[in-house]
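J.: With the hints as constraints, model all of the structure from the sequences given.
Protein chains: 6
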Amino acid sequence: MTTRAVYPGSFDPVTNGHLDMIERGLNVFDHLIVAVAVNADKRCLFTVEERLDLIRRSLGDRPNVAVDTFSGLLIEYMRKRQVRVVLRGLRAISDFEYELQMALMNRRLAPEVETFFMMAGESYSYLSARIVKEIASMGGEVQGLVPPAALEALRRKFGGTR
Amino acid sequence: MTTRAVYPGSFDPVTNGHLDMIERGLNVFDHLIVAVAVNADKRCLFTVEERLDLIRRSLGDRPNVAVDTFSGLLIEYMRKRQVRVVLRGLRAISDFEYELQMALMNRRLAPEVETFFMMAGESYSYLSARIVKEIASMGGEVQGLVPPAALEALRRKFGGTR
Amino acid sequence: MTTRAVYPGSFDPVTNGHLDMIERGLNVFDHLIVAVAVNADKRCLFTVEERLDLIRRSLGDRPNVAVDTFSGLLIEYMRKRQVRVVLRGLRAISDFEYELQMALMNRRLAPEVETFFMMAGESYSYLSARIVKEIASMGGEVQGLVPPAALEALRRKFGGTR
Amino acid sequence: MTTRAVYPGSFDPVTNGHLDMIERGLNVFDHLIVAVAVNADKRCLFTVEERLDLIRRSLGDRPNVAVDTFSGLLIEYMRKRQVRVVLRGLRAISDFEYELQMALMNRRLAPEVETFFMMAGESYSYLSARIVKEIASMGGEVQGLVPPAALEALRRKFGGTR
Amino acid sequence: MTTRAVYPGSFDPVTNGHLDMIERGLNVFDHLIVAVAVNADKRCLFTVEERLDLIRRSLGDRPNVAVDTFSGLLIEYMRKRQVRVVLRGLRAISDFEYELQMALMNRRLAPEVETFFMMAGESYSYLSARIVKEIASMGGEVQGLVPPAALEALRRKFGGTR
Amino acid sequence: MTTRAVYPGSFDPVTNGHLDMIERGLNVFDHLIVAVAVNADKRCLFTVEERLDLIRRSLGDRPNVAVDTFSGLLIEYMRKRQVRVVLRGLRAISDFEYELQMALMNRRLAPEVETFFMMAGESYSYLSARIVKEIASMGGEVQGLVPPAALEALRRKFGGTR
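Chains as they are written, first to last, in our numbering: chain C, 13 to 174; chain R, 13 to 174; chain F, 13 to 174; chain Z, 13 to 174; chain A, 13 to 174; chain U, 13 to 174.
A few of these clues could be false.
Which chain U residues stay away from chain Z? Per the calculated CB distances, all over 10 Å, these [claimed, not checked]:
#1 38
#2 68
#3 71
#4 72
#5 84
#6 85
#7 87
#8 95
#9 113
#10 120
#11 123
#12 136
#13 161
#14 168
Under the rule of at most 30 Å between Cα atoms (straight-line distance), these lysine-lysine pairs were calculated in the DSBU-like manner [as the list claims (entries may be wrong)]:
#15 R/169 - Z/145
#16 Z/92 - Z/54
#17 F/54 - C/54
#18 R/145 - U/169
#19 C/145 - A/169
#20 R/145 - Z/145
In short, the hints are calculated from the structure, not lab data. Cβ coordinates follow ideal geometry from the N, Cα and C atoms, glycine included.
T.: Following this line, the structure appears as structure tokens:
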């Protein structure tokens, strides 16, 4: 069978940790949909269009990855796209608890959807889009933490890191 | 591509939590190898043969599941079987830390092997082979926690639960 | 001696997890006061009156449960009501840390007040009023997670889930 | 109704943390049974008789506390004694996970039995019978951590702390 | 060599837990800089000037402690002041995860800067500036949790606790 | 003042994680004593002499590091050596809880002794002497995890890794 998975997130902006998850996911799944959450509540630094653009430019031309957006419940999106596997990264204990809660709730709402977790690589265990933005906003160097396209976009937002 | 995964463990004995993981794994992977660890150090209640037999009788006749044993490093077994996905369950925080350590170490030893985690179902979050044996050894009722074959085997070992 | 306990919370809205705690608390205590926190800071979906009403309609007519409100410090309310036992539920590690901090601080402020914890049932370990509201706001199904009165109220707020 | 609770443990030996739990438990329950686990597997420093004796001498003459032993499953003991409340202390995260597992398993085996937890006082959060024995065995001072009777017994076992 | 360390934080307001860390830090380091973070984003109860003043009045006249402010990245401040040791307190698991993330990120940004952690004393393990403000704002007694200068300042803000 | 610290452990055998801690400790302290615990209870793969030898050969000739052994309570050793700082590494949550318990207990036994923690580097967060021995015993490759001297010693014990 052809296996497809959805890798959902805010990607505000995409980091090297996200890209590592995508690479590793593609070692196992035939096709991956990177699904950017459009969440009215959550304040994002980048617009949905900017976030999609940064992911696309960072991934390059790959036939087995699609980039998409979704709003509302993830499981509704899964059903619409007829994909049954969610892919998520786990970094720390706080991740674990939230992810456990979401996975159990999603299973209750849609028992046919399965969530798979991969542990973040050791170099990415302390990396989050939130901390990248925090450092960049104070003029810190985030090269090596995000792909070049995101680095450039962060510099435009915060006015150059050097 | 055909996806195969190895689901390793001690299975001393197989529990309903293990069976739930196997069922859910088969929703995603084409073929699953349940791999019983033969560990000279670890004291087990059941012999390797008994453990294999209990898994086989509990799974019934399924063409897409194989039951096997392995000794030594899991990644060596993965290489020998040419499988690149390890499947593991996550129940609690203590699980999480140990699994994180093993996953990071295995990735260092064999970067081509990927470990995927599934959260244990809410009914199995407190269930372990260890606690099943502890209860059964004191004459407690473990029906509903293990498949009928394991229930019968535990009763033979500990002399009937009632 | 007649034992009474206060079960405090926001109850925004009452969930089946809360009701389970109340039932189990009544197996041990003669009388329970469900105390709705009136907190100027915290933004709630439902007004205090709505929250009280949902609890009352969900509990039905029970002589050994009272529903009340409190503002300010819980221990001041405990003293005013002359109750010495606080009842709290524990779900996860993050709960644990916050509850530990509050329990130690309350003991310092009022050594005569004792906090008792009950572990949430396995079916409620992933359930919180926050996640119920999040799902309902996106049109997800929350039947089975909240009592009928709360289900109806959530549907009125968010415009029907079906 | 008269409320009774069982406070189970190994008490090898009784510490000031245990005594604090008993005092605080008696503020809420009419009667407490301190139940010493007789566990063939677990290696204890003190015999069951010594452990019982140390508890009795440390508690003094109190009409509302009984000291008893139990073997096998706690819930069978609860049923035999017709008590429905188990009292347990919580110190740290590792406690939390084990206690959660036991509480959920006990509820499955005996839904009528309820487990209540109290957070250990800040002065006892790092105190366990295990660490007391470890320090005493190396000649360290444990005065203030255990009641006088246990202090004396530890000195007899390990040959004086100075 | 003369050892100097920076003890950074919000100090909104300084608590007895902070003062305990400073005392203990001075047992090891020759000189300590208490560095108040000027963070435009974070809403503080006290102004930077008030926070500096409360720390100074609480520490008294000590030649080996300086009180300063910093904005932006901590590591930039460390470099400017030519100090290579950051001192931080650890209270709980949630602290641990955040501190681990910050320490790893800071090491990446400035490998020459080392972060040292001390465990909060048992009496301060549940104490935070946040909970002090919460209690004081509801008229609760915070004497013994903060130094006299901070106590007085909190009373002025919230209108006297007695 | 000249600052000295003791870095205690089992070092069975010394790993690259230990060496990283020693290097980083020397950036802050003038002198470090690596103190190998001689513990009758704990079963070690290497004798005390072998462990000392492996540390010495791995550190090379450094005037500001001494290698020593201690038995019994660490705080007694600290007093005898007149050193007031203990240096410890923190990797994970389970580390954290054990270290917190030991630090609080040591402070009670010897208030003048202070324990400082450093977070393990991201490359060493999953590394322990225990897992190194486990992998080596099954013929796995541990090059890069331990210094050459320890690698050679492990190969002698377990008969070559290839």
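J.: For a quick check of understanding: which of the numbered hints are violated here, in increasing order?
T.: Checked against the structure, the hints that fail are numbers 5, 6, 7, 9, 10, 15, 18, 19, while the rest are satisfied.
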